[in-house]
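S.K.: Residue strings, one per chain:
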Amino acid sequence: MLNAPVIIAAALLYLGLLFAVAWWGDKRADQGRSLIASSTIYALSMAVYCTTWTFYGSVGRAAVSGIGFLPIYLGPTLVMALGWFVLLKMIRTAKANRITSIADFISSRYGKSHLLGGLVTVIAVVGIVPYIALQLKAVSGSVNLLLHYPEIVMPGRSTTLPVFADVSFYIALILAAFTIVFGTRHLDATERHEGMVAAIALESGVKLAAFLAVGVFVTYGLYDGFADIFQRVAADDGLRRLTTADPSGHGYTGWFSLTLLAGLAILFLPRQFQIAVVENVGEAHLKRAIWLFPLYLFLINIFVLPIALGGLLHFSGQEVDADTFVLTLPMAQRQEWLTLLVFIGGLSAATGMVIVETIALSTMVCNDLVMPILLRLRGAALAEAKDLSRLLLGIRRGAILAILLLGYLYFRLAGEAYALVAIGLISFSAVAQFAPAMIGGMYWRGGTREGALAGLCAGFLVWGYTLLLPSFAKSGWLVADFLTQGPFGLALLRPQQLFGLLGLDEISHCLFWSFFANIGAYVVVSILRPPTAAEASQATLFVDALKHTRPVGAALWRGRAEVGDLLALAGRFLGPQRAEAAFTGYARSHGGVAVDALEADAELVHFAESLLAGAIGSASARVMVASVAKEEPLSLAEVMNILDEASQLRRYSRELERKSGELEAATRELKAANERLQELDHLKDDIMSSVTHELRTPLTSIRALSELLRDDPMLPLADRKRFFSLILLESERLSRLINQTLDLAKIESGNADWLGSEVDLKGIIEQSVEATNQLFQEKGARIELDLPAEAPLIRADPDRLIQVLLNLLSNAVKFLPPFGGCVRLTLRTGADGLEVSVTDNGPGIRPEDQQVIFEKFRQVGDSMTEKPAGTGLGLPISRRIIEHFGGRLWVESAPGEGATFRFFLPFAQAGAAKESAPA
Amino acid sequence: MHRRILTGERLVAAFLCGCVLFNYPLLSLFDRGAELFGVPLLYAYVFAAWAGLIMAIAWVIERRIES
Numbered sequence: 054m055l056n057a058p059v060i061i062a063a064a065l066l067y068l069g070l071l072f073a074v075a076w077w078g079d080k081r082a083d084q085g086r087s088l089i090a091s092s093t094i095y096a097l098s099m100a101v102y103c104t105t106w107t108f109y110g111s112v113g114r115a116a117v118s119g120i121g122f123l124p125i126y127l128g129p130t131l132v133m134a135l136g137w138f139v140l141l142k143m144i145r146t147a148k149a150n151r152i153t154s155i156a157d158f159i160s161s162r163y164g165k166s167h168l169l170g171g172l173v174t175v176i177a178v179v180g181i182v183p184y185i186a187l188q189l190k191a192v193s194g195s196v197n198l199l200l201h202y203p204e205i206v207m208p209g210r211s212t213t214l215p216v217f218a219d220v221s222f223y224i225a226l227i228l229a230a231f232t233i234v235f236g237t238r239h240l241d242a243t244e245r246h247e248g249m250v251a252a253i254a255l256e257s258g259v260k261l262a263a264f265l266a267v268g269v270f271v272t273y274g275l276y277d278g279f280a281d282i283f284q285r286v287a288a289d290d291g292l293r294r295l296t297t298a299d300p301s302g303h304g305y306t307g308w309f310s311l312t313l314l315a316g317l318a319i320l321f322l323p324r325q326f327q328i329a330v331v332e333n334v335g336e337a338h339l340k341r342a343i344w345l346f347p348l349y350l351f352l353i354n355i356f357v358l359p360i361a362l363g364g365l366l367h368f369s370g371q372e373v374d375a376d377t378f379v380l381t382l383p384m385a386q387r388q389e390w391l392t393l394l395v396f397i398g399g400l401s402a403a404t405g406m407v408i409v410e411t412i413a414l415s416t417m418v419c420n421d422l423v424m425p426i427l428l429r430l431r432g433a434a435l436a437e438a439k440d441l442s443r444l445l446l447g448i449r450r451g452a453i454l455a456i457l458l459l460g461y462l463y464f465r466l467a468g469e470a471y472a473l474v475a476i477g478l479i480s481f482s483a484v485a486q487f488a489p490a491m492i493g494g495m496y497w498r499g500g501t502r503e504g505a506l507a508g509l510c511a512g513f514l515v516w517g518y519t520l521l522l523p524s525f526a527k528s529g530w531l532v533a534d535f536l537t538q539g540p541f542g543l544a545l546l547r548p549q550q551l552f553g554l555l556g557l558d559e560i561s562h563c564l565f566w567s568f569f570a571n572i573g574a575y576v577v578v579s580i581l582r583p584p585t586a587a588e589a590s591q592a593t594l595f596v597d598a599l600k601h602t603r604p605v606g607a608a609l610w611r612g613r614a615e616v617g618d619l620l621a622l623a624g625r626f627l628g629p630q631r632a633e634a635a636f637t638g639y640a641r642s643h644g645g646v647a648v649d650a651l652e653a654d655a656e657l658v659h660f661a662e663s664l665l666a667g668a669i670g671s672a673s674a675r676v677m678v679a680s681v682a683k684e685e686p687l688s689l690a691e692v693m694n695i696l697d698e699a700s701q702l703r704r705y706s707r708e709l710e711r712k713s714g715e716l717e718a719a720t721r722e723l724k725a726a727n728e729r730l731q732e733l734d735h736l737k738d739d740i741m742s743s744v745t746h747e748l749r750t751p752l753t754s755i756r757a758l759s760e761l762l763r764d765d766p767m768l769p770l771a772d773r774k775r776f777f778s779l780i781l782l783e784s785e786r787l788s789r790l791i792n793q794t795l796d797l798a799k800i801e802s803g804n805a806d807w808l809g810s811e812v813d814l815k816g817i818i819e820q821s822v823e824a825t826n827q828l829f830q831e832k833g834a835r836i837e838l839d840l841p842a843e844a845p846l847i848r849a850d851p852d853r854l855i856q857v858l859l860n861l862l863s864n865a866v867k868f869l870p871p872f873g874g875c876v877r878l879t880l881r882t883g884a885d886g887l888e889v890s891v892t893d894n895g896p897g898i899r900p901e902d903q904q905v906i907f908e909k910f911r912q913v914g915d916s917m918t919e920k921p922a923g924t925g926l927g928l929p930i931s932r933r934i935i936e937h938f939g940g941r942l943w944v945e946s947a948p949g950e951g952a953t954f955r956f957f958l959p960f961a962q963a964g965a966a967k968e969s970a971p972a
Numbered sequence: 208m209h210r211r212i213l214t215g216e217r218l219v220a221a222f223l224c225g226c227v228l229f230n231y232p233l234l235s236l237f238d239r240g241a242e243l244f245g246v247p248l249l250y251a252y253v254f255a256a257w258a259g260l261i262m263a264i265a266w267v268i269e270r271r272i273e274s
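Chains A and B, in that order, are what the protein sequence lines are. Residue numbering for the first sequence follows our numbering, starting at 54 and increasing by one per position. Residue numbering for the second sequence follows our numbering, starting at 208 and increasing by one per position.
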């Protein structure tokens, strides 16, 4: 089944699928329904980190160095934990300044320098193009392997084929086409490619699935699980050393260097910067990706060792390259579908890397290499052109094609040479040279343009001398003496034992010397002079990127410009329609005026500049804007003043925020107090009207009776006597009412005098019963006492308790039936207090009235027909009193069955009564 | 605000912890040719520590998202 047409058809079908996904993703992006707005997709697209160097190469490395391949994935895991700070800062900075590549990032940070951007671009291209070549080699190698199926023939020098018969040449062309279609569809100020990212995420899924499939097949199909493989390895003297930490004998330094290198690569590889920073849809996606991406790395590495060891065991004695085990193990077992899946997985790993890396490099080449040169050489001609967006797109497309063809050329030239095989780590070491300028730029304000230039140059040169040139020498392109004797026989300058440094592996050696030169030059040159105005202002934008209130770029520009000029300028690079749309959007967000009516202030100039920066890089954008706007250069002192002002403003605004928070809290409290007051006021009105109403009733009868007595001197004596006693009764009622109202008011306002002493509740009950005896006798009613022989003392005010009891007893009497009335009074000692109940056999209280009777001036009963029998204050006062001593008073009753008033007084709280009764 | 600062500190702690776990000298403690469930102790240690670190980071992040 596995023959050339099938393989080619599968590859083409798969690439077609990618085209479809990318097209769909772009379409969804145009509709505003982003396909990639999820942290899972974001994390998957980050897995473009795993190239064929992972897919095929990890097994190859593991077959030589055991677990030594792992730091390449541990480093990124560690750095992702810091991604919370570092990546977030890069994303914020890039978004705020429309930075679209790592070259632009560095150039923009150090005062928008063309020279720096160009240098970074050169380093990136030199470091990465061989890496692209490696991907092409891997794909071509896997195709050649498959073409010989079912035999396993190691690809010798496939480059002997003519170019037009070489599969990888066509793959390079197809990838160029794909990248051009989805990477340079239009000039976008943010330089984002949603369709491409969707395709990359899909590819990451495919390569993980393929690798896991082959891992499971080898571990559980070919062998009997992990333990089986490791047991066989342990039995093999040649292989046993692979299970130690350091089979190649470099010590742990190599392990550390690799971790560091990979950790830096995850931040500074152009493709990682493109995916993680430029293509980031929303900062929120970063959060989950911080652990999802390491999880991906973990999963894709689980089966590396079993495959490597399994392959070594399986092909023991045969000439099979460990780099091909992933493919050759399924082939050897005649697993055609699995083989095809692995091939597709490897294709995914290669194409994903090539596409993203080429887009990132082409943006750099266009914005930081070609545009500056064009501006310098043909500035006048460019100034006249109406629409340069086609030229820009052309440059990018050309750059993509050129980079891919360069990669292919390198692959043809290098072939099986060491310079290609070892390029993974050589590439990582090259991009690691960006680290000092990048990290320093993000966290240190003192870095200057010259410092960054010096650091990058020094690091790049040392890298070239200690790593790249030796790799050429090992490939036989340079005389071997260069390595062993040093240049011109100068032993001290031997590239891999520079100044006689021994005992390090080549990567650690290069890392040490290049960082020594890079960081040293960066810091030393930077501190030779203070930053200029432009550097200081950019430094603030970068270093303070995560602060909530930071000075915007607009604050650091002063000059004059015309809206028309800016619009025309943007139109020339972005295309007139896009520029018009962007300016209209800006106008809408600034008060909805028309574009013509906009004021060409610093903010608009900044807007235009950042718009251009997205398309042509920040350094070129500054040059172009300066060509139409008359900028008055700010001196360093002025910049510092503005920045100081900004930081002072920041301080003031923080102060203000705090103050306004306090004010808000105070307002809330005031509002609550006011509401409470209003409520009380309302209550007071209610009480006043009730009180006056209650007072009027007895007063009216007193007045009426007095009038009768005055006006009718002939009134019989018996009537007079009756009237006088009525007047007396009503006056008593009146004074009782007034006393109780005053009493309640005192209790409620917390001004009542409370005595506190140890009280014998039993004695008090007996005293109260004694006092009400007369009442009972008048009504012809009985009172039954059910008291314990001895009751514990309780802390309370005895007079108040008597008041409560008298109230309850007189209430009970009032409602007793005319005959056979009986009141039962009990005292119970509970675990935590005393309970007293007064039960009558009167008419009872309806459930709906049981709360009402505790309200002021509320008497139950038909007030129209029955004369109120009390003041309506007795129960509320009683309840307040009991509550004051920490107890409660309630009623239990059913209509027709009498009523029971109960109160409970706790032992514990009796003394610690609330000082003020609840208002 | 308070929570956010803690999240950052926890992640830095995870980073530092990982730096120690995956380097000399801790690594050398497990490089002794012993086995755990048939898997060389070194492999078992590195992968277990790796998984543990990822879980710790996930825990820190997800707690923050929920709250």
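Source of the hints: derived by calculation from the structure; they are not laboratory data. Do not rely on the hints blindly, as some may be mistaken.
Below, a list of computed lysine to aspartate or glutamate pairs in the EDC-like style, where the Cα atoms sit at most 20 Å apart [claimed, not checked]:
| # | chain 1 | residue 1 | chain 2 | residue 2 |
| --- | --- | --- | --- | --- |
| 1 | A | Lys600 | A | Glu710 |
| 2 | A | Lys799 | A | Glu936 |
| 3 | A | Lys815 | A | Asp796 |
| 4 | A | Lys600 | B | Glu269 |
| 5 | A | Lys815 | A | Glu760 |
| 6 | A | Lys340 | B | Glu216 |
| 7 | A | Lys142 | B | Glu216 |
| 8 | A | Lys340 | B | Glu242 |
| 9 | A | Lys774 | A | Glu760 |
| 10 | A | Lys909 | A | Glu760 |
Just some of the chain B residues that point at chain A, by a computed CB distance under 7 Å [stated by the list, open to error]:
| # | residue |
| --- | --- |
| 11 | Leu218 |
| 12 | Cys224 |
| 13 | Leu233 |
| 14 | Gly245 |
| 15 | Val246 |
| 16 | Pro247 |
| 17 | Trp257 |
| 18 | Gly259 |
| 19 | Ala265 |
| 20 | Ile268 |
Even for Gly, the Cβ is constructed at its ideal location relative to N, Cα and C.
S.K.: So, for every hint listed, does it hold in this structure?
M.R.: Hints, one by one, checked against the model:
With a C-alpha separation of about 15 Å, the suggested pair lysine 600 of chain A and glutamate 710 of chain A falls inside the 20 Å cut-off, and the hint holds. Between the alpha carbons of lysine 799 of chain A and glutamate 936 of chain A the distance comes to roughly 15 Å, so the proposed pair stays at or under 20 Å and holds. For the proposed pair lysine 815 of chain A and aspartate 796 of chain A, the alpha carbon gap of about 25 Å is over 20 Å, so the pair is violated. Distance hint between lysine 600 of chain A and glutamate 269 of chain B is unfulfilled; the C-alpha atoms sit about 24 Å from each other, more than 20 Å.
Restraint check for lysine 815 of chain A and glutamate 760 of chain A: not satisfied, since their Cα atoms lie roughly 49 Å apart, outside the 20 Å limit. Of the pairs offered as hints, the one joining lysine 340 of chain A and glutamate 216 of chain B holds, with about 15 Å between alpha carbons and a cut-off of 20 Å not exceeded. Restraint check: the Cα-Cα separation between lysine 142 of chain A and glutamate 216 of chain B comes to about 16 Å, which is no more than 20 Å; the hinted pair holds. As the CA atoms of lysine 340 of chain A and glutamate 242 of chain B are separated by approximately 37 Å, the hinted pair breaks the 20 Å bound.
With a C-alpha separation of about 15 Å, the suggested pair lysine 774 of chain A and glutamate 760 of chain A falls inside the 20 Å cut-off, and the hint holds. The suggested pairing of lysine 909 of chain A with glutamate 760 of chain A is violated, with an alpha-carbon distance near 32 Å, which exceeds 20 Å. Given the 7 Å rule on beta carbons, the hint for leucine 218 of chain B holds: about 5 Å separates it from the nearest Cβ of chain A. For cysteine 224 of chain B, the interface hint is violated, since its Cβ never comes within 7 Å of a Cβ in chain A; the closest pair sits about 9 Å apart.
Nearest Cβ of chain A to the Cβ of leucine 233 of chain B: about 10 Å, over the 7 Å cut. The hint is violated. Hint status for glycine 245 of chain B relative to chain A: holds, with the closest Cβ pair at about 3 Å, below 7 Å. A distance limit of 7 Å between C-beta atoms decides the matter here; for valine 246 of chain B the minimum to chain A is near 6 Å, and the interface restraint holds. Look at proline 247 of chain B: its Cβ gets to within about 4 Å of chain A, closer than 7 Å, so that hint holds up.
Residue-level restraint check for tryptophan 257 of chain B holds (minimum Cβ-Cβ distance to chain A is 6 Å; threshold 7 Å). For glycine 259 of chain B, the shortest C-beta to C-beta distance to chain A is roughly 11 Å, which exceeds 7 Å, and the interface hint is violated. The beta carbon of alanine 265 of chain B is positioned within 7 Å of a beta carbon in chain A (closest approach about 4 Å), and the interface hint is therefore held. Given the 7 Å rule on beta carbons, the hint for isoleucine 268 of chain B holds: about 5 Å separates it from the nearest Cβ of chain A.
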